[in-house]
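Asks: Model the full assembly from the supplied sequences, consistent with the hints where possible.
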Amino acid sequence: MTLISFSQVHVGLELPVQEFVFVRADLIKYAGASGDFNIIHWNERVALEVGLPSVIAHGMLTMGTVIRVVTDWLGDPGKVIDYSARFTRPIPVPDSNEGASIKVSAKITELLENDRAVIAISAIHNEVTVLAKTLATVQLAP
Amino acid sequence: MAINPEFIGRTYPPTQVYSVGREKIREFSLALGDLSPCFHVVDSALELGYPDLVAPPTFAVVVTMSANEQVVFDPDLALDYTRVVHGEQRFIAHRPIFAGDELTSTVSVDSIRSAAGNDMITVKTQVHSTSGELVSTVYSLLVSRGVEEVS
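For the record, the sequence lines run as chains A and B.
Per our numbering, residue 1 is the first one in the first sequence, and the count goes up by one each step.
Per our numbering, residue 143 is the first one in the second sequence, and the count goes up by one each step.
Check before you lean on any hint, since a few could be wrong.
[As the list claims (entries may be wrong)] Below, simulated BS3-like cross-link-like pairs (lysine-lysine); rule was C-alpha separation at most 27 Å, straight line:
id, chain 1, residue 1, chain 2, residue 2
1, A, K133, A, K103
2, A, K103, A, K29
3, B, K166, A, K29
4, A, K133, B, K266
5, B, K166, B, K266
6, A, K133, A, K107
Source of the hints: derived by calculation from the structure; they are not laboratory data.
Replies: Here it is as structure tokens:
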């Protein structure tokens, strides 16, 4: 895998769009792997009782997934040096084979010193933005 | 009930050492559906110049969980956990986390503010290696929803 170099990029450059799908089993797997067993991510009865439309994806599952738009493009996931997001809307995950899909796009918004770039990520589920102010600063090759 | 701003700056004791294992990195990456070779194959990580498997960018959430729980379940703060939602998250990687790392997390209350009947508390966690190197700084904004919904 060749790393992206600073000379290859410019402000406004769009990264390849990706679509990700969450099904119920993905929430169970993430709960187990992360240790976040909050009941609203796996028990529909309780999720409905607290006013949610269904069980919802962990915000951190969403955040951990959408960064792949950056890391798959970059070629080295160890070069993300700052990554932040605001959780604006939950992603309900229905009990279906289709699950819930998120469409993720990203573009470079700023170039920094030392061959670094800031990338803004957009994550859309059902035409609604689920993460806001989602920014990744990456270290590019010289 | 608004959280007392006097808690800003409160720092908790460092956590027990978290030993980052290869299988945990693989399991966490698979749970994210991420098959990037440097999360799974040691030789791929070595080719990128790393000492062992690299952890995904959000892996620090696993390492810092017990530190965060010190705040969430602090009886002095008296947060109602059933009303707490995750508002924002930020990971600063001073360097990547690798398999074989031995890490401790030290959490502190960074800021407290109230708006529209909700309490917002920002928790800052610094992750150090046992040799004292700062590896990650993690910020989490927890929102404690007010009992009377303001619409």
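Asks: Taking the hints in turn, state whether each one holds.
Replies: Now for the hints, and whether the structure bears them out:
no. : hint            : verdict
1   : A:K133 - A:K103 : holds (16 Å)
2   : A:K103 - A:K29  : holds (21 Å)
3   : B:K166 - A:K29  : holds (13 Å)
4   : A:K133 - B:K266 : holds (19 Å)
5   : B:K166 - B:K266 : holds (24 Å)
6   : A:K133 - A:K107 : holds (13 Å)
Checked against the numbered hints given earlier, the structure satisfies every one of them.
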